[in-house]
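Enquirer: The lines below spell out each chain.
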Amino acid sequence: MGGIAHYLEDEGLSTTQISLIIEHTQTIRPPRALWVPFELGRPFGTPNEPEFQTRVLISALKLLEAKQGPVLEVFPEDAPGTADATAETLACPVSFAAPEGEKTPTAQLLQAFENEIGRLRGWYDLSVEMRGRTTAGLTGLIPEEAADLLASYIRDGRAENPVADVSLATALRMAAEDIKAFYLEAISAQPGQPQDSGRLADWFWGKTAAARVINTLREICLTLDDKEFQILGKLLLVPRAQMHRFEKNDSI
Amino acid sequence: MARLDRMPKQERDHLLCLPCPTYDTTPWVDGPPLFMQRVAMVTTAGLHRRRDRPYGPGEVDYRIIPRETGASDLVMSHISSNFDRTGFQQDWNVVFPLDRLRELADSGTIDSLADFHYAFMGATDPRQLEGTVRDLAAIMKNDGVNAVLLVPV
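Going down the list, the sequences are from chains S and Z.
With the first letter of the first sequence counted as 1, position 237 gets the number 237 in my numbering; the numbers rise by one all the way through.
With the first letter of the second sequence counted as 1, position 57 gets the number 1057 in my numbering; the numbers rise by one all the way through.
Hints listed in this document are in silico derivations from the structure and should not be mistaken for laboratory results.
Note that the coordinates shown come from a computational prediction; the quantities given were computed from them, not determined experimentally.
Using N, Cα and C, we set each Cβ at its ideal position, and we do this for glycine too.
Keep in mind that a hint or two might mislead.
Chain S is nowhere near these chain Z residues, computed Cβ spacing over 10 Å in every case [said to hold, decoys possible]:
(1) ASP1061
(2) ILE1064
(3) GLU1068
(4) ARG1085
(5) PHE1088
(6) ASP1106
(7) GLY1108
(8) SER1112
(9) ASP1115
Facing chain S, from chain Z, some residues (calculated, C-beta under 8 Å) [unchecked claim]:
(10) THR1022
(11) THR1026
(12) PRO1027
(13) GLY1031
(14) GLN1037
(15) SER1077
(16) SER1081
(17) ALA1105
(18) THR1109
(19) LEU1129
(20) ILE1139
(21) GLY1144
(22) VAL1145
(23) ALA1147
(24) VAL1148
(25) LEU1150
This is chain S alone, in the form it adopts within the complex (with noise of 0.2 Å):
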């Protein structure tokens, strides 16, 4: 971000920035910044705080009257909510009944995956229909048909590519981008949920069958020798910060 300001202002443009890393900023010394303590991902504290959004903005708005820098303010407020937000843990609002019978372990998980879907849906559209907006369908699919390609791919090794113009790894990324955002939101729309990132993050990658399909998905693409495909399975689909969740359990 700071190479981006020291690129505009040398062309003749009045930068400001907001910082997250203020070790990074520190080191490439743009012109003005704002750091702020959020967390990644949350440049602006708090969804749905708009006085504190506009605090913030304002905050570095007005750097851009300062009359010498390098400048690198402090913002000096934590995010609303920021407080309790490992106060409590999210409870799991689907029900995982054993799979009947004779299923393989990927059967059983798949046929989990589908009813998850299944059981979400209707907080989803919910939430689309509260929000008047989702930020699922980077593919352009329904969940259900994300969800399908995922499916495929474990089950049969290959799928078609519903996808224009993109490659089947980007395609499998995009739809675990779609998943998450369906879960993510369905699960938010439910009346009492919590709203904080770390509980949401808890609750997808330790309790849903979601993301034991995205992890059985990275470990078939370190599997393979596609540059594209590995680079999937090493960095893409699951966070660092859940990786822990899934390394003692490395088979399919």
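We have chain S; now place chain Z onto it with these hints.
Expert: Frame of chain S, contents of chain Z only:
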């Protein structure tokens, strides 16, 4: 928290290893008072309109976000899975505060919003973006922009 001392070690180590250039000069442009500024926003969150190309590894191109773009049309295809997306899912302004900027333009806090805003995908070495960004500066000037708000994710 985006404080390295509060992060898990593997996350902290990764962030400290990201390319972080230094420069011999510190360019500085004085601008008019805030109420006279026409502001464009540049994000590195990997945002784009649904119809636009998604981002891929090593991507250095930007996507154009017209001022009239609505929240329902904006999606995120950043390739990293290592930052929170639930805030953006709940309210796009926590990543890309276009509504807040519109309010500041309406109230006269800033003069106006640029016709076009821009998105890159972060986690790219900034030096690889130099040519693209310098070209973009000329486009912004043609849009009457005199201040740019840069927002990471």
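Enquirer: Each hint should be assessed against the structure and marked as holding or not.
Expert: Taking the hints in turn, this is what the structure says about them:
1. Consistency note on ASP1061 of chain Z: stated as away from chain S, and its beta-carbon is indeed over 10 Å from all of that chain's, at 13 Å minimum.
2. The non-interface label for ILE1064 of chain Z is consistent with chain S: the shortest C-beta to C-beta separation is roughly 16 Å, beyond 10 Å.
3. Listed as a non-interface residue, GLU1068 of chain Z keeps its Cβ farther than 10 Å from every Cβ of chain S; the least gap is roughly 15 Å.
4. Chain S draws ARG1085 of chain Z into its interface by the beta-carbon criterion, the shortest separation being 6 Å against a cut-off of 10 Å.
5. Residue placement check: PHE1088 of chain Z does not keep its beta carbon more than 10 Å from all beta carbons of chain S (closest about 6 Å).
6. For ASP1106 of chain Z, the requirement that its beta carbon stay farther than 10 Å from each beta carbon of chain S is met, with the minimum near 12 Å.
7. The non-interface label for GLY1108 of chain Z is consistent with chain S: the shortest C-beta to C-beta separation is roughly 13 Å, beyond 10 Å.
8. The claim that SER1112 of chain Z is not at the interface with chain S holds, since no C-beta of that chain comes within 10 Å of its own (minimum 13 Å).
9. With a least CB separation of 15 Å from chain S, ASP1115 of chain Z remains clear of the 10 Å interface cut-off, as annotated.
10. A distance limit of 8 Å between C-beta atoms decides the matter here; for THR1022 of chain Z the minimum to chain S is near 6 Å, and the interface restraint holds.
11. At about 6 Å, the closest approach between the beta carbon of THR1026 of chain Z and any beta carbon in chain S falls short of 8 Å, and the interface hint on this residue holds.
12. Taken as an interface hint, PRO1027 of chain Z checks out: its beta carbon lies about 4 Å from the nearest beta carbon of chain S, inside 8 Å.
13. Taking 8 Å as the C-beta cut-off, the interface hint given for GLY1031 of chain Z holds, the closest approach to chain S being about 4 Å.
14. Taking 8 Å as the C-beta contact cut-off toward chain S, the hint placing GLN1037 of chain Z at the interface holds, the least distance being around 6 Å.
15. At its closest, the beta carbon of SER1077 of chain Z sits 5 Å from a beta carbon of chain S; the interface hint therefore holds under the 8 Å criterion.
16. Interface hint status for SER1081 of chain Z: upheld, as the beta-carbon distance to the closest one in chain S is roughly 5 Å, under 8 Å.
17. The beta carbon of ALA1105 of chain Z comes no nearer than 11 Å to any beta carbon in chain S, farther than 8 Å, and the hint placing it at the interface is violated.
18. Checking THR1109 of chain Z against chain S: minimum C-beta separation of about 7 Å stays under 8 Å; hint holds.
19. Because the closest C-beta pair between LEU1129 of chain Z and chain S is about 6 Å apart, less than 8 Å, the hint holds.
20. Here the hint on ILE1139 of chain Z is broken, as its CB sits about 11 Å from the closest CB of chain S, past 8 Å.
21. With a least beta-carbon distance of about 11 Å to chain S, the hint placing GLY1144 of chain Z at the interface is violated under the 8 Å criterion.
22. The closest approach between the C-beta of VAL1145 of chain Z and any C-beta of chain S is roughly 7 Å, which is under the 8 Å cut-off, so the hint is satisfied.
23. The closest approach between the C-beta of ALA1147 of chain Z and any C-beta of chain S is roughly 5 Å, which is under the 8 Å cut-off, so the hint is satisfied.
24. At its closest, the beta carbon of VAL1148 of chain Z sits 5 Å from a beta carbon of chain S; the interface hint therefore holds under the 8 Å criterion.
25. Annotation: interface hint on LEU1150 of chain Z holds; nearest CB of chain S at approximately 4 Å, less than 8 Å.
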